[in-house]
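A.B. asks: Sequence:
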Amino acid sequence: MMEISGLTDKGKVRTHNEDAWFADGAMGLLVVSDGMGSEEGGALAAEIVVKTLPEIIMQEGTNIANLNDPFAVDIISKQIVALNRNVFDSSRGKVNLAGMGATMVMALVRGDRAMIAHMGDSRAYLYRDDYLLALTKDHSVIRLLLDAGEITEEEVASHPARGKITRFIGMEDDVPPDISLIHLENGDRILLCSDGLTSMLGEKEIQEQLRKTVSPKAVCRYLVDAANMAGGKDNITAVLADWRIDAAE
Numbered sequence: 476m477m478e479i480s481g482l483t484d485k486g487k488v489r490t491h492n493e494d495a496w497f498a499d500g501a502m503g504l505l506v507v508s509d510g511m512g513s514e515e516g517g518a519l520a521a522e523i524v525v526k527t528l529p530e531i532i533m534q535e536g537t538n539i540a541n542l543n544d545p546f547a548v549d550i551i552s553k554q555i556v557a558l559n560r561n562v563f564d565s566s567r568g569k570v571n572l573a574g575m576g577a578t579m580v581m582a583l584v585r586g587d588r589a590m591i592a593h594m595g596d597s598r599a600y601l602y603r604d605d606y607l608l609a610l611t612k613d614h615s616v617i618r619l620l621l622d623a624g625e626i627t628e629e630e631v632a633s634h635p636a637r638g639k640i641t642r643f644i645g646m647e648d649d650v651p652p653d654i655s656l657i658h659l660e661n662g663d664r665i666l667l668c669s670d671g672l673t674s675m676l677g678e679k680e681i682q683e684q685l686r687k688t689v690s691p692k693a694v695c696r697y698l699v700d701a702a703n704m705a706g707g708k709d710n711i712t713a714v715l716a717d718w719r720i721d722a723a724e
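Per the working numbering, the very first residue in the sequence shown carries number 476; after that it's consecutive.
Misleading hints may appear alongside valid ones.
Stated by the list, open to error - Pairwise CB distance ranges (calculated):
1. T641 with S690: 33 to 41 Å
2. P635 with D700: 28 to 36 Å
3. A623 with S690: 36 to 44 Å
Source of the hints: derived by calculation from the structure; they are not laboratory data. Built from N, CA and C at the ideal position, the CB exists for glycine as well.
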């Protein structure tokens, strides 16, 4: 079985919440999206993402039943590219929606396989055997600078490029998401979150919260509260799924 819960909060600084999330155990789908642009546009873009992805999963049905099939990966990639185009087209010619876009991270579970797809800096993590593994790599200017060795981790918090992303839903170019597949083991926890969580809490702090053998609902509450206590400078969203061996049956 797969027990899922999620929680979003506007944080301590922002007046509006432009994050959105979706989770359905029966569908095997988790999604987190962080809107960008104007308040109206960002919230709309995130809502489009979390409403459209479940529709895609339902529509494709048996075409994506076997995640080991490259055809299934190709379908999801093409559908996300189409979603990107939809969001971009929705903002064209509308001043109040100019620059509208959103990050996207999703986990699709079929049996003991999970497909992780993302665009932007919302993240997916796997917690297994007391170890936290990042399943995504931020599409951000900061990540590029870190990889190039041009800045250090200590410089990230004050760097002017912080928050600038290089890939997102709503881009003019048809850029595909990054997609990976993982094999699930009994007791695994999958966490999806917006950068409002990861900008406030380090991975050691997140790992400490996931170590608690409590329900996904309680862990999401702990994570959001901890991020707010650390400053809550952005909207905060966490979605957590606990996977057990009978989930594959």
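A.B. asks: It remains to establish, for every hint, whether it holds in the given structure.
C.D. replies: Here is what the structure says about each hint:
| no. | hint | in the structure |
| --- | --- | --- |
| 1 | T641 with S690: 33 to 41 Å | 36 Å, holds |
| 2 | P635 with D700: 28 to 36 Å | 30 Å, holds |
| 3 | A623 with S690: 36 to 44 Å | 41 Å, holds |
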